[in-house]
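J.: On the provided structure of chain A, position chain B as indicated by the hints.
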Amino acid sequence: MATPLDRRRFLRLAGAAAGGALAAGCHHEEDPYDLARPDVPGADGWVRGEERNVSTACAQCSAGCGTRVRVVEGRAVKIEGNPLSPVNRGGIGPRGLAAVQSLYDPDRIKTPLRRVAKGSGSKLEPIGWDEALALLGERLAGLRERGTPEQLAIVCGRERGLMLELWQRFAAAFGTANLFDGRDSADGVVAHAVRLMQGGHEPPAYDWANARYVVSLGSALLGSSCQLVAFARAQQERRVGTAGGRAKVVHFGAWRSRTAVNADEHHPLRPGSAAAIALGLAHLLVRDGAHDAAFVAAHGFGFDPWTDGAGVERPGLAARLADYSPERVAERTGVAAAELERIARELVAQKPSFVVAGGEELLLANGLETALAVHALNGLLGAIDRPGGLLTQRPAPLDPWPDLEPDEVATAGLARARIDGVGATRMASCGSLQDALPAALASGAVDTLLLHYANPAWSRPGAAQWRAALAKVPFVVSFSPYLDETCADFADLVLPDCSSLERWEDGAAAPSVGFPHFGIAQPAVATLHSTRATGDVVIALAKAVGEPLAAAFPWNDFRAALLKRVAGLHKAARGSIVEAKGSDFLKRLWEEGSWSEPGYRYEQWDEVLTTPSGRFEFAPQLLAQERAQIGAAGDGDVVPRHVELPAAPAARPWLLIAVRPASHATGGGANLPWLRRVATETQLPDGSTVAVLHPETARAAGVVAGAAIAIESEFGKARAIARLDPATAKGVVVVPEGGGHTAFGRYARGRGANVMELLAAGATAPQGSVAAARATHVAIQRSEA
Amino acid sequence: MTPVATRERRGVLQKLGAALLGALLPTRRAKGQAPPPATGNRPLTADGHVPKWGMAIDLDLCTACGGCVVACASENNLPIPVDTSDGAGTGISWMELVAQREGAEGVVSETAPMPCMHCEDPPCTKVCPVGATYANEEGLVIQVWDRCIGCRYCTAACPYSRRYYNWSKPEFPDDLRNLLNPDVATRPEGVVEKCTFCVHRLRKTKETVIREGRTLTDADVVRLPACAQSCPAHAITFGDLADPESRVARAAASPRASRLLEHLGTKPKVYYLSTDRRSSS
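As you go down the protein sequences, you meet chains A and B in turn. Numbering-wise (the working numbering), the first sequence opens with residue 1 and increments by one. Numbering-wise (the working numbering), the second sequence opens with residue 1 and increments by one.
The shape of chain A in the complex, shown without the other chains (with noise of 0.2 Å):
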């Protein structure tokens, strides 16, 4: 072996010759590695070796997590956590580092696209930008020429930001109700929950920084859930910085998630249980004379008995609660009552606490149930806008959007029915119902349907009763950047939308850290190909139609309604960037990406509990307002209660349960292959989806561990390799969401099994909550292959 001493002369050597080579290559015309600019658009605006740090907002969840992409001579080649958004703190999570992927994605759409000869033959065809917009342009104002604009139905697959906001307007001023935005995730059913108990519209904000206890209901906290981050980088600074200060999280759940293995104590659920097991805890709480006795008589509606709007009085909550001792909700639960006990004593004990659910759990048929009975338990807590509790998200100061006033056809447009009949047989505090959707596609409702994220041909439960009604619709239009299934089968035109790292928008960040913030989302790179950012193109459309539209959307594209917007921001004079001069005002927010208020103030009631009688509603009466409307007021009982699933039929003894992993966190993903790196719970290095069952199960169902199984359905069948893990609740089968696709581009296609496949579209729970409420029961057995 060479001595130190030579490698080091030949070192020097080595390093001089290859100098001289690079510097004599410098003059040599073939020489490979000079002068040749990167071959990507605006690369000749750069000088040779230069760098950017381009801040933005992450887009691929809905965390809004502040990043910094180094931009070197025009590529995007990393994305950084950006340490002055206050969601993140520097940190990122798998998925956002991995957006480079998704803007440089071999297999995207580069230009607009149009069916040509449908049926069999067909296939989409490129079309330009301007003959698209005049072509979906003069067909939407031929529906409001016809007097039928509710025949336009919008998917936008965004649960919250401008964007939604923007197609929004758009609705409204074109004259539909049929507008779906993205908020049927199990987000969605803890937001109606508190929308029914305490007012409001988002779920609320964790005070995980405070917490000392929290007791997880199937929540997903380090799955999908859009808390993962801002959750790490809190428990970090609780686990490190006060001695002895660590918050302790107990997780219930049906399966061995991440979330369960990083909590310190997993126990697992029975799937559907939750609600027992909070108004179990509840009962406990005020057995002991445990409960915010103070919170429930100042500010609480229901607890006590009360006189519903016939006159006729009702028993609150305290009475319902007789029937969750220990005893009775481990019967029903399968959890022992002296466990029980010790954790309800822990919950106070150990204050500030509160009780998350999320996840699979909510998207039950009872999960409105469950979320309902989890925020009564919270508000007997005293949780609600108490330190290391739920905070209520504050908005951003934003100038509002300029008044809109719909013409005659809107009006009348925007009077009829909603095609998912949310406020005629759905509740209408549900917003809007997806699910819904197939069947009224496929009783010819809609004329036109835009997509704008979304891909239900593979996203959504009832894939293939999805596939069927939008094979009936007409017109079929969608935005994706990706040729997705629905874009490969049904779209018949495509208007590729720019990638997240092209385009301006804002972070629509989801509730997390409490107060204002207002996230940036800005072009990092010059768009690649020939595609559009879909908030001009929804600008431009507007135009296209016409008067009165055109006028409703006086900008050139979405960057001036943004900065309209965004001037809000400048005249509050106050948060994280204050400067007098507009300009200098933007300029730093270009710079540090995100404009904050920090100093959560909490105990606002005013601001925090806006039901109509001002209260936190433990039976809550827009619920029975609601309910009575649609037809279903039943007993008129309103209180939260423990509801029974379906029993399971004799064919199909055990119960589905589909899981999103953080990789897959509000769809999509499947294209980007870093992310195989860390799918490993739920999926084999092949692809092939994993299938995870108690051992108990698996003896029952024949099934042996690594044995390829075929799950089966009403709807439809998956194949799955089975894994066993005795953590798993009994009679359970659980598949991850995110495989299966037959599109997508060539990292996504052809792995694994897609379990949407397997669930049905339409199975809203009796009293219509937001979600695809779920009890599919499946059948399994070895698979031949």
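These are computed hints drawn from the structure, not numbers from a lab. The reader is advised that the hints may include incorrect statements.
[Claimed, not checked] Label pairs and their calculated CB-CB ranges:
| # | chain 1 | residue 1 | chain 2 | residue 2 | range |
| --- | --- | --- | --- | --- | --- |
| 1 | B | G131 | A | D39 | 51 to 61 Å |
| 2 | A | D130 | B | A219 | 52 to 62 Å |
| 3 | B | P255 | A | P649 | 27 to 37 Å |
[Said to hold, decoys possible] When the alpha-carbon atoms are kept at most 30 Å apart in a straight line, the in silico DSSO-like pairs for lysine-lysine are as follows:
| # | chain 1 | residue 1 | chain 2 | residue 2 |
| --- | --- | --- | --- | --- |
| 4 | A | K110 | B | K169 |
| 5 | B | K169 | B | K204 |
| 6 | A | K571 | A | K248 |
| 7 | A | K587 | B | K204 |
| 8 | A | K123 | A | K730 |
| 9 | A | K571 | A | K587 |
Quick caveat, the model's predicted, so the values are computed rather than measured. All C-beta atoms in this analysis are idealised placements derived from N, C-alpha and C, irrespective of residue type, glycine included.
T.: Below, chain B alone, put in the same frame as chain A:
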């Protein structure tokens, strides 16, 4: 073609990439000679102290989100996993989430990120027949992929399985080539690669420090590697183990700290902190 990082094997001289030079330069400087600003090889403190770079990973904080894994892949131009005929895909992952399994069912009880351990007494360097891998004076276990002949002795010798052989030529199809980091050369088919503790970032930081006319501080390096920088939970700490005041040295001295396979005597410089397992596994 993009001028960076997608080079073919064309002989030793042309292939000495920036990252490689950065790794080698510390051995070139004669004692007492003032470093030229461009090399950035300045000791951590003014008194000639030589740092010993190490890492601490706090498993009580880690949520196994996988941010570190993707950050590493992005920073270091790791090959994109591709589907191969046997369905295995390429498995190169310098930073990898390794699951600890327990019981008859092999249930995952904890998942820990594993970079190269950068052992003080590395078994891998001893078996290399061509001097393609060695520990430098700052304790980094360097892999010179341009010198590697692909015999894979080192891969067999590493008790932590932290070395990866390129069985096929890494492909970065079409636009995906654009996301290659110009600071790190891609590796050709037939060589072994591994975690470098982001030596190119260390080098950049040293240059910045020299330009600013000061010495390196703990704050300059504590989140220096891409994995540590991205970690939402700040579970990964990097720094100078030879400086008892550094955060990593204090973490290494914690009663919660242990190293993997300590009984082998490899003296890894990656410490794991965990309340559950105080002895080495």
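J.: Hint by hint, note whether the structure agrees.
T.: Status of the hints after comparison with the structure:
1. For the hinted restraint 51 to 61 Å between G131 of chain B and D39 of chain A, the CB-CB distance of approximately 37 Å leaves it violated.
2. Between D130 of chain A and A219 of chain B the beta carbon distance is about 54 Å. The supplied range of 52 to 62 Å therefore holds.
3. For the pair P255 of chain B and P649 of chain A, the beta carbons lie near 56 Å from each other, so the given range of 27 to 37 Å is not met.
4. The suggested pairing of K110 of chain A with K169 of chain B holds, with an alpha-carbon distance near 27 Å, which does not exceed 30 Å.
5. For the proposed pair K169 of chain B and K204 of chain B, the alpha carbon gap of about 28 Å is at most 30 Å, so the pair holds.
6. Distance check on the hinted pair: K571 of chain A and K248 of chain A sit about 42 Å apart at the alpha-carbon level, beyond 30 Å; violated.
7. At roughly 28 Å between alpha-carbon atoms, K587 of chain A and K204 of chain B fall within 30 Å of each other, so this suggested pair holds.
8. A hinted pair counts as satisfied when its Cα atoms are at most 30 Å apart, and K123 of chain A with K730 of chain A does not qualify at roughly 47 Å.
9. Note on K571 of chain A and K587 of chain A: the hinted pairing holds, with a Cα-Cα distance of about 15 Å set against a maximum of 30 Å.
Figure legend: structure checked against the earlier numbered hints; hints not met, in rising order: 1, 3, 6, 8.
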